[in-house]
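Colleague: Here the protein sequences line up with chains A, B, C and D, keeping their order. Residue numbering for the first sequence is 1279 to 1610, as defined by this note's numbering. Residue numbering for the second sequence is 1279 to 1610, as defined by this note's numbering. Residue numbering for the third sequence is 1279 to 1610, as defined by this note's numbering. Residue numbering for the fourth sequence is 1279 to 1610, as defined by this note's numbering.
No lab work stands behind these hints, which were simulated from the structure alone. Glycine is no exception: its CB is placed at the ideal position from the N, C-alpha and C atoms. Some clues are possibly wrong.
Under 8 Å between C-beta atoms, here's a sample of chain A residues computed to sit facing chain D [stated by the list, open to error]:
1) L1279
2) E1295
3) P1299
4) N1311
5) S1346
6) G1347
7) T1356
8) P1357
9) H1393
10) R1402
Below are the chains, spelled out letter by letter.
4 protein chains.
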Amino acid sequence: LAFNTFGRIFTFTTWGESHGPAVGVVIDGVPSNFLLDLDFIREELERRRPGKQGTSPRKETDLFEVLSGLHEGKTLGTPICFVVKNKDRKSGDYDTVSHIYRPGHADFTWHRKFHHVDHRGGGRSSARETVGRVIAGAVAKLFLRTKGISIGSKILHIGDQLVTDENSPEKLALQAKHENDSVGGMIEIRAEKVPPGLGEPVYDRLDARIASALMGINAVKSVEIGSGIASASMKGTQHNDPLSSDGFTSNNAGGILGGISNGMPILTRIALKPTPSISQEQNSINHLGQPAKVTVKGRHDPCVALRAGVIAEAMLACVLLDFFLLNKMRRW
Amino acid sequence: LAFNTFGRIFTFTTWGESHGPAVGVVIDGVPSNFLLDLDFIREELERRRPGKQGTSPRKETDLFEVLSGLHEGKTLGTPICFVVKNKDRKSGDYDTVSHIYRPGHADFTWHRKFHHVDHRGGGRSSARETVGRVIAGAVAKLFLRTKGISIGSKILHIGDQLVTDENSPEKLALQAKHENDSVGGMIEIRAEKVPPGLGEPVYDRLDARIASALMGINAVKSVEIGSGIASASMKGTQHNDPLSSDGFTSNNAGGILGGISNGMPILTRIALKPTPSISQEQNSINHLGQPAKVTVKGRHDPCVALRAGVIAEAMLACVLLDFFLLNKMRRW
Amino acid sequence: LAFNTFGRIFTFTTWGESHGPAVGVVIDGVPSNFLLDLDFIREELERRRPGKQGTSPRKETDLFEVLSGLHEGKTLGTPICFVVKNKDRKSGDYDTVSHIYRPGHADFTWHRKFHHVDHRGGGRSSARETVGRVIAGAVAKLFLRTKGISIGSKILHIGDQLVTDENSPEKLALQAKHENDSVGGMIEIRAEKVPPGLGEPVYDRLDARIASALMGINAVKSVEIGSGIASASMKGTQHNDPLSSDGFTSNNAGGILGGISNGMPILTRIALKPTPSISQEQNSINHLGQPAKVTVKGRHDPCVALRAGVIAEAMLACVLLDFFLLNKMRRW
Amino acid sequence: LAFNTFGRIFTFTTWGESHGPAVGVVIDGVPSNFLLDLDFIREELERRRPGKQGTSPRKETDLFEVLSGLHEGKTLGTPICFVVKNKDRKSGDYDTVSHIYRPGHADFTWHRKFHHVDHRGGGRSSARETVGRVIAGAVAKLFLRTKGISIGSKILHIGDQLVTDENSPEKLALQAKHENDSVGGMIEIRAEKVPPGLGEPVYDRLDARIASALMGINAVKSVEIGSGIASASMKGTQHNDPLSSDGFTSNNAGGILGGISNGMPILTRIALKPTPSISQEQNSINHLGQPAKVTVKGRHDPCVALRAGVIAEAMLACVLLDFFLLNKMRRW
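Take these sequences, add in the hints, and give me the full structure.
Modeller: Right under this line is the structure:
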């Protein structure tokens, strides 16, 4: 029931505020004697790093230290603790807004729940926290890779514009930034070569856990599996995936039937809302309930979808590894 | 980690196969000394009962027995066990298809996971299991009601047709049945007067848990919160909900910010795929992998959305009550 | 976090009050396709049944019904629900004491926690609840048996008298009964052929979980592993178990080192307090805090140790099966 | 199910090997806005620090850094991460024995479970890990103190010698050291002013959780509650604690009835085995199963009981705080 722990067997616990000294993650339930490719983990972190075009100019070098769980590069079977220092803290940027709730942000709800006014405290709701998820996801991917399972993602559209060769996600996001606005986006995440049998009905189903993992990412407002929202408009004759001796001949199910993987690719999509931080004046109230105008300064992504792909992949990887381990116990 | 247990503090465990002697639910974590209105639970069960127009003609009287946890009508604080007998079993209907995987069904994945060929065994993936969810949800609603929280749902569209005064969901569903087909649907679920502060970031967020609860219902293929999938196409200036001294002036967030309720109505939508059982011949394989044709006989809803509303409400009620109890611990 | 659920992978949930209509258990996490020997379960229930010499004269026939989870005698991998009706309820016996706290009983604490005055409600603290434990334990034993693991127990002493060929436990217990008194006892439980490697340090250790499982049995006031309490008085040269090429040459560790099984027999002992129900007048108070005398009528075991062996074995079996399943995940 | 996480609501997760760069703890479920007295935490760490007379000469300065969860000294309600560097690593001391199993140590079982030969890897089973427990326990004590609950411990005997004014624990432990031996000990832990009602029957009972928490401490081989092992030899007339209008007039129950606190002091005792590391030659085998002699060098406590009191108190404090928070949910 630890609120900052994700997973059941392969678990990870993140800690750290964006404006504190460091963020980190403790990964537990890791099989022992596995040689961990730390370079791959660094590459994954680089994928989520802001400071690239179209994303927040804040620089995070994201160098990690491993404080436990490895000996001569191999997993011990004990918890692995990664720590990443927060080097580039500029909390001054936030001062002017600190007692006014920023629309679309968690300031209001954190205040109601935890009774802090100063939202530097609420820094857990920052994207900075996802460093730990990406690290855990990279570890999970390394394990899954040895079973042939791979995970990738792509951005389908940014705002109402489809991503194409000419319209890169970065270009589309910058358009919003130039209007002092932000924009949402849609990402597809896909896992290939997932064996059939993963998922534990009826309350720890694969689809339910994926939905939880992805909806729990900041800014995600919908999760679809397979044909997703379109399924509501379909007929049974269209939606049912026929079987041939070569397997399923379509994948409306998105690789999941009855909460269990069916051997087809796992296919899921998430909608991300626009970054709530925008440089335009907005109506709000302060913590005393009085009307106030707020303009959010600081360095912000105009579009969180740009770097959410690696985070969503990470969460999916952790879910799949967890179910892979759980499924071992179903065989006597 | 019990796979058939839902929730963390207010929990319920369902058991029973659709073709076994009974189904039931054990509800735990119930505050004591609460007078339970059993008639309300019966009414909720009646709402999910098939056998009405447009739904499966199978009759389930759904009379329950309470075997524990109540004394003179009041909760003891101990587990409450409800048992509902399966009176109307006709497993004969299933015999012809029993070793051919029915497209869109969980037969294939249950076989791969649990190694049963006879899908009478796999009866946990039947809608019959949801009797327990509806009972637990009714209990949760009774508690929430005393805090002023209410939960309702409505069907937005059936297939590609909007529900209107003229086009009732039942009528639209029957159209599909007359074509020997089935059809999907979209449901909105809404909770009113939810206090701010419910949800436990960063991995037990309210939105993440709702997504899990709803995606875990059979046939659900997408879950949206607030403006949901539309958020991906929006700008920050459109999506951010401004605050005034009277509270939020719009609800794109669907009542949740940073994984915590914000005091606005909780708003969520689910897309349900068409019932996979259709009376037309479909291509499939048998359990030996040989091609086979299958026509699903038996009594089937042409549209699962017709009675999924009460199930979705039940899951949302259980999630909200759970977080309500959890939130008590945040105050020292 | 379900309070009435035991275990992590192989789990069971008990429900039912001693004075309600039935007690039962829902067992989850059971590997599928396992032929379950129901006769063995009946034999185990017979071992815990009161009504034999030296134990409570209350007759419990303990016939169970299986309502789910089995198909043609084999496990489906779904929850197995066992129900045992309460046939021999005589709540009248309890009436005279119902608002006076019985010394040594849970009346006082259940009232303080759950705010019931009538202790018929508190019937979960009755030994009757252990029916479910014995059933779950019998299921676990059947699985463990296929791996060669067996579990047994014996009573070492009753009160201050050693059990011998001449002094059977029943005979010693009857002596106390003849004095209108009750008496405690000490039981040793032993598991043979447990493979090394079971247990998950550092907080889900085998010894910690055994301690929890056994201390959680009514009336147990101490749990020892291996040389137990005597270890405190020993020197390292005495206590350390040397290793030879044939394995350990002694077993002060009781089969557990660092919270992990070492391949030697698991050896544990529990001390049970005397049955608190005695036919002598005792000083107490009523629920208003006023002094009152109480003499407990009804049918009571003079010594709970007589039938606690099978319950303790059951709990140990469930713990071992759980760790056996968990250990499968440690191998990649 | 995170194996290195303890607790249900107030939880802590420890990480770190004794021969790695650091050890640490992440504490979650902490109520927000609580001013944390870090000096008290330092004092508690000082109590467990080795290097005092009669304990291991290894010097651990145990200076911690707080990396998250606090803002201006107050809890944020987010996870608090404490890191303690390992400054005084001398792994050379261990080299000669590294492939021979040390009797009484976890080398053998860690090898069987995790497949490491080099026991530097297995450093989680070291007493060093308890730094995190003491920190979490100190945090819990600070919360409990505001409700008037206090926790203390004393050493009752060392080996077969009672602790007296003349015979301090340190003096008795040194006697064993002079004989190149080690010695066990018995500790009593006591919590005062615990309110009635803590504990969640029937599987999350207060006594069961205490047993788990204490048996999970290295070297503990028995846990007793109240009159403990002596209960087995008692009659009901002796053991039952009578009630008067002033409350219980004796405390054989050790403050717990039916798994729930009864308002009397919680009283528990643990037996600790002698430190397995001794400077005498012992019979063992190496990891290939060949007979070998082993003499354990390095710096070792002759008696782990000397500094186990503060660890046991810490575990008890965490258990009590957890149940205190859980109990809030029982009131509707």
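Colleague: So, against the hints stated earlier in the document, which numbers end up violated here?
Modeller: Nothing - there is no hint that the structure violates, so all of them hold.
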